[in-house]
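Participant: These are the residues of each chain, in order.
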Amino acid sequence: MILASQVWTQIFWTSVIAGGLLAGVPLMFTALGEAISERAGVLNIGLEGMMLAGAYCGFLGAYYGGNQWVGYLAGIGAGILASLIMVALCVWLGLDQIVVGIAITLAGEGITSVLYQARFSAEQPRLGNLDSNPIPLLDRIPVLGKAINGQTPLFDQPLIVYLGLTFAFVLAWVFRRTNVGLNLRAAGEKPEALDAAGVSVVATRSYAVLATGSLAGLGGAYLAIAGTGGFQPFLTQGQGFMAIVIAMLARGRPIRVVVFSLMFGIALSLSTVLQLAGIELAPEVVNMLPFAAVILALILFARRAYLPPALALAYVRGAR
Amino acid sequence: MTQHNGTSIPLVELRGITKAFPGVLANDRIDLTLRGGEVHCLLGENGAGKSTLIAILSGLNRPDAGEILIEGKPTTISSPRRALELGIGTVHQHSTLIPALSVLENLMLGDRRGLRLDEAGARRRLRDLSAQLGVEIDPDAKARDLALGHQQQVEIVKALWRGSRVLILDEPTSMLTPQGVAELAKVLDRLTESGQAIVFITHKLHEALSLGDQISILRQGRLVGHLTKEEIRIRSHDELRAEIVRIMFGEEARDIGDVAELREEVAGARSERHVPENAEVVLELRGLTAPGEGSERGVEEISFELRQGEILGIAGMDGNGQRALAEAIAGQRHASHGHVLLYGGDVSRLGVASRQKLGLRYVTDDRLGEGIVGMLPVGLNLFLKRIGEAPYWRYGRIQRAVVEGRAAELVREFDVRTPSVSKRVSTLSGGNIQKILLARELSFDPKVVVFHKPTYGLDVKTTAMVRALIRKLADGGGAAVVISTDLDELLELSDRIAVLSRGRLVGVVSNGPGAAEEVGELMVGSPAEAA
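Going down the list, the protein sequences come from chains G and U.
Take 487 as the starting number for the first sequence in this note's numbering and just add one per residue.
Take 1311 as the starting number for the second sequence in this note's numbering and just add one per residue.
Chain G with its partners taken away, still in its complex shape (with noise of 0.2 Å):
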């Protein structure tokens, strides 16, 4: 029996929210992504195949580039290739954007798996440590800017989550206050007054897929570079779908979108948490918690999802 005041102590709220942060990122920038192009109305089922995208070429670019940078560059650029795939079949030509999803996770599962296999099984190699950028004062809080067990610290994080955070705030004022984030909400409300208005609804669309699958990219490549340390066949791990409910739960708004993310972080990372807190448990449980925060979350605030009318729906003009 373990006392309650000995788990709730102020180191286990640190790592909560510091292990939270570390898995919460990736998720946060696919998330983000899909966010996009939920709004503008392609549903993008293929997000888990994009991240794994990511993942793998953010590693390949992170190990010969020797550099992050390049990784994450490497990153964008196989989930921007990955997403050429869905512009081309779902926006050009309109296919269905859930069949057209399904084949991108399954090739992007299949085919890093292949090449890492090919290429990397017998040596199995790590990336080395990042740098870290300390918030000045917000680093000397005791206790909660101190580092943990070896984790990174709460306000000394790698410079692109900063970046990621502040993107989410650029999103959500692009939505509110410009022409093109009107002419995206307007993609996926109701197409057909956007291309009466005189805008293109393919080219909207297809700049909306394009940024998520630069996004899921992104956010693959940061899982591989600073959440593991390296790739592993299947590393995302079902994120891409969490990503997916993360962005209907936040009704496609960049702020909530990162605090759900950070959310389910929390429950990717409970393992260690609760290790930490002295709780045994089997560790086929502890990998189940996401899941069944994600169907908790999807049974407690499925009314609270709001999905575009247009959504997972071709835009033919003149068809009604």
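Sample of chain G residues lacking proximity to chain U, with all beta carbon distances greater than 10 Å (derived):
| no. | residue |
| --- | --- |
| 1 | G563 |
| 2 | G580 |
| 3 | V585 |
| 4 | S599 |
| 5 | Q603 |
| 6 | G713 |
| 7 | R739 |
| 8 | Q761 |
| 9 | I765 |
| 10 | A768 |
| 11 | A788 |
| 12 | Y801 |
The following residues of chain G were derived to be distant from chain U, with all beta-carbon distances above 10 Å:
| no. | residue |
| --- | --- |
| 13 | Y549 |
| 14 | A593 |
| 15 | L649 |
| 16 | T652 |
| 17 | V656 |
| 18 | A689 |
| 19 | G716 |
| 20 | P719 |
| 21 | Q723 |
| 22 | I741 |
| 23 | M749 |
| 24 | F787 |
| 25 | L797 |
Going by beta-carbon spacing under 10 Å, a handful of chain U positions derived as facing chain G:
| no. | residue |
| --- | --- |
| 26 | H1402 |
| 27 | P1409 |
| 28 | A1410 |
| 29 | E1415 |
| 30 | N1416 |
Treat the hints as calculated values from the structure; they're not laboratory data.
As the structure is a computational prediction, the values presented were derived from the model and not from experiment.
Where a beta carbon is used, it is the ideal one built from N, C-alpha and C, also for glycine.
With chain G held as given, fit chain U onto it using these hints.
Facilitator: Relative to the frame of chain G, chain U by itself:
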């Protein structure tokens, strides 16, 4: 008929516009002249070619032949954007507003100046335009929260947004209350005063006569008549009306005893059906409450009685709970409170199939969605609700010969135009699909039938037929609930008209003189409710 009754060059001139679609000559050598400060009414039945002409003017379609002159210069209108640039704004029959966006966002959509939305500028522009139209529009309201009349005002503002000089209104009154129509007329007055040219499309003759400075009449793709300003001014309304009816329907006029406008011609000749006070109550609703679905409204505490031989109209603008009411009666939607009684027996707990068997039927407004299975043949669609029943099915197997034989009879009886009963339903026209639904619901001993927008989108002849079937049902000992957004239809058919507003029945009016105004008042609602 004078082509040029002024010295000024007309804003827009169409010459010999011809447009063919596969199998139809939609526009055949049409000439039309639009001048500033005039309302030009285009009058014609469904399929007369009005919509095609408008599509050509607004840049959605290109004519096969003929030319368009704008201020005397030959011009090609290649796209909707080009039309806007040329100063031609269109208010389409179906809303083009995005429900989830605010009024302001809807108006700013498609603006290409800079990255940032110019909200302050848009607010100013909206203020100016609403002052010009004499209307008040809340810029921050979501489009879906606006009443239809207000949505239309926003559409008009949207059409004028980029400085249009020609405003096209496609059937603008079809969804409006009588009061809404009066308000629209005022807006049009102010627009013509400021020199705007207006094209007003309608199939209602009285609107054309009261609003139009010029009236052009289309029929089967041809311009068959034109009334100039002078003619409209000097001749009496009755005289004009008779002439227009003759032009519009030609020799057919005698066959169609049922067109809304003709009915006015023979006012009083409307068969006065009389429902005896002591007729049996066949359907009763007691405090029926059913939830809405998604953004669509539910109904609360609906109570009414329907007697044998009676037609009860349910008026109200779209989205006031019509579908929830219809589905709750039919059993397609679970009622959270209240009861549905059929011949005094409570059927509230019964499902669709049981109610169907008891003679409670529902003709849906969603013909293509829930009404039919498009991929299945006509014959099977006629028996969709009897799957598994003898003699059409035996031991789980369909008796093709029986089904097709009976289907062929129904097809004949209800005049469904189909090459054969094995033809896929999705290949038929809307009118024929509606006939199939009617054949299905009105066969096998119907007692109480709920019709939801039974003539929406149908041509004159089918409309006449549908209405005749509804009357026949009531005269033959059945009873009908007709839910419609077309007030004229309800005035023509119903014995009583109940008004559905915000999910509640706000009043019941006996049909007769003055009923239209009374119903209109109820539809708009008391000021407290409308807030």
